[in-house]
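Student: Sequence:
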Amino acid sequence: DSVFVGILPQNEAAFPDLKWKSLSVEMPQDEQFIVRDSVWINYRKVPIFMDCAACWSPAKWRGGAFTYRFSGLDFVNSSKRIFVHKKGIFWDQDGTLTGTPNSYTTWADKHS
Numbered sequence: 018d019s020v021f022v023g024i025l026p027q028n029e030a031a032f033p034d035l036k037w038k039s040l041s042v043e044m045p046q047d048e049q050f051i052v053r054d055s056v057w058i059n060y061r062k063v064p065i066f067m068d069c070a071a072c073w074s075p076a077k078w079r080g081g082a083f084t085y086r087f088s089g090l091d092f093v094n095s096s097k098r099i100f101v102h103k104k105g106i107f108w109d110q111d112g113t114l115t116g117t118p119n120s121y122t123t124w125a126d127k128h129s
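Under the working numbering, the first residue of the sequence shown is numbered 18, with each subsequent residue one higher.
By construction, these hints were calculated from the structure, which means they are not laboratory data.
A virtual CB, placed ideally from N, CA and C, is assigned to each residue, including glycine.
Do not take every clue at face value.
[What the hints assert, rightly or not] No more than 30 Å apart at the CA atoms, straight line, and that leaves these computed lysine-lysine pairs for DSSO-like:
#1 Lys103 to Lys62
#2 Lys104 to Lys62
#3 Lys97 to Lys62
[As the list claims (entries may be wrong)] Label pairs and their computed distance ranges (CB to CB):
#4 Asp54 to Thr84: 15 to 25 Å
#5 Thr117 to Ala30: 26 to 36 Å
#6 Ser120 to Asp54: 11 to 21 Å
#7 Tyr121 to Ser96: 19 to 29 Å
#8 Leu25 to Lys97: 12 to 22 Å
Can you build the whole structure from these sequences, using the hints too?
Tutor: Structure follows, in structure tokens:
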């Protein structure tokens, strides 16, 4: 179990418009990554999860998309949960990430 706090409550009132973090967790460039039984507090509109941004860098690029598994999550005052860069597949196993159990969220374009 883990708890992540984007901004402490006493600072939130003093700085209501300040962006505190760029994101909470940047996902790895690999399969079988699991996030479970964790809470994110006061991230407001800052994304909690982003798929691998370095995956498009020629020096670090690995082919294919990567599936990340999520369950047992809770979000308090944190409205933006996912930023899909391009290659991530976010598998919400119990509905605590997206609100729909056993659902997938990924990039959609004309080639998907």
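Student: The structure should be examined with respect to each hint, and the outcome stated for every one.
Tutor: Each hint tested on the structure:
With a CA separation close to 20 Å, the supplied pair Lys103 and Lys62 stays within the 30 Å bound. Taking the CA atoms of Lys104 and Lys62, the gap is near 22 Å; set against the 30 Å cutoff, the hint holds. Restraint check for Lys97 and Lys62: satisfied, since their Cα atoms lie roughly 5 Å apart, inside the 30 Å limit. In this structure the supplied range 15 to 25 Å holds for Asp54 paired with Thr84, their Cβ-Cβ distance being about 19 Å.
The beta-carbon spacing between Thr117 and Ala30, approximately 34 Å, falls within the hinted interval of 26 to 36 Å. Range check, Ser120 to Asp54: about 19 Å between beta-carbon atoms, so the 11 to 21 Å window is met. At roughly 21 Å, the beta-carbon separation of Tyr121 and Ser96 lies within the given 19 to 29 Å, and the hint holds. A hinted range of 12 to 22 Å holds for the C-beta pair Leu25 and Lys97, which are about 19 Å apart.
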